[in-house]
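Trainee: Turn these sequences into a full structure, and let the hints guide you.
Read top to bottom, the protein sequences are chains A and B. Offset between the first sequence (1-based) and the numbering used here: plus 566. Offset between the second sequence (1-based) and the numbering used here: plus 62.
Please note that a few of the clues may not be correct.
Cut-off 25 Å, straight-line C-alpha distance, at most; resulting in silico cross-link-like pairs (DSS-like, lysine-lysine) [as the list claims (entries may be wrong)]:
id	chain 1	residue 1	chain 2	residue 2
1	A	Lys-602	B	Lys-71
2	A	Lys-636	B	Lys-71
3	A	Lys-622	A	Lys-636
4	A	Lys-625	A	Lys-602
5	B	Lys-71	B	Lys-119
6	A	Lys-602	A	Lys-623
Please keep in mind that the hints were generated in silico from the structure rather than gathered at the bench.
Letter by letter, the chains look like this.
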Amino acid sequence: GQQVMQIPQYQHVQEGEDFTTYCNSSTTLSNIQWYKQRPGGHPVFLIQLVKSGEVKKQKRLTFQFGEAKKNSSLHITATQTTDVGTYFCAGPVTSMDSSYKLIFGSGTRLLVRP
Amino acid sequence: NAGVTQTPKFQVLKTGQSMTLQCAQDMNHNSMYWYRQDPGMGLRLIYYSASEGTTDKGEVPNGYNVSRLNKREFSLRLESAAPSQTSVYFCASSETIGRTEAFFGQGTRLTVV
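Mentor: Take a look at the structure:
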């Protein structure tokens with residue numbers, strides 16, 4: 567079935583280093599969303615990308631949607647300890663009856679050494 | 063504005079017991095979801111409801127049932143709990159499926175012994 571895959575599973579960085587997580591779908595997505603989950607918390611929406619090749623920035627976070635709308639990335643510049651958490655991508659994949667369901671990637675857990 | 067409210071926050075069940083996880087949203091959203099989260103497995107969709115009156119299976123529906131009681135409420139029932147259902151369960155809602163931001167509840171940590 568349709569899948570949304572994410573790599574790496576874990577990333578441990580020194581504070582100040584950059585971080586990137588990648589998301590790949592087996593099929594074309596109409597849009598992709600990114601969420602952050604702090605340890606012990608619940609996922610919180612960060613952003614949605616809709617257009618092919620779209621790039622959006624939120625302060626030190628840069629989000630990209632691939633030209634084929636099958637992959638996406640989240641890049642954090644100069645990580646801080648407040649960036650610690652798990653980052654998920656999510657996309658609307660079609661069900662057998664052509665309706666949509668929101669499927670999440672497996673997430674990338676970011677740990678930051680102060 | 064409460065957003066998405068889940069009850070209970072914690073629960074311990076014995077194998078074979080049943081229980082219902084409750085979820086309510088006050089944002090007038092059409093779509094609601096139930097996910098489970100296991101270490102290293104991300105968020106896996108159990109069931110979802112695109113709109114009031116409809117429910118559909120997600121990625122891992124076996125062992126669960128759901129009810130979309132009204133537009134606000136979407137409950138998840140475990141008829142005969144198994145240790146494999148030990149997990150953190152999240153309810154979420156959005157205006158439309160996958161096209162708008164999903165809001166999550168605080169989660170229910172369920173342990174089946």
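Trainee: Now look at each hint and say whether the structure bears it out.
Mentor: Structure-based check of all given hints:
1. A:Lys-602 - B:Lys-71: holds, 20 Å
2. A:Lys-636 - B:Lys-71: Given pair Lys-636 of chain A, Lys-71 of chain B is violated - Cα atoms ~36 Å apart, limit 25 Å.
3. A:Lys-622 - A:Lys-636: With a Cα-Cα distance of about 17 Å, the restraint between Lys-622 of chain A and Lys-636 of chain A holds, given a limit of 25 Å.
4. A:Lys-625 - A:Lys-602: holds, 15 Å
5. B:Lys-71 - B:Lys-119: holds, 24 Å
6. A:Lys-602 - A:Lys-623: Holds, at about 15 Å.
Of the hints listed earlier, the one the structure fails to meet is number 2.
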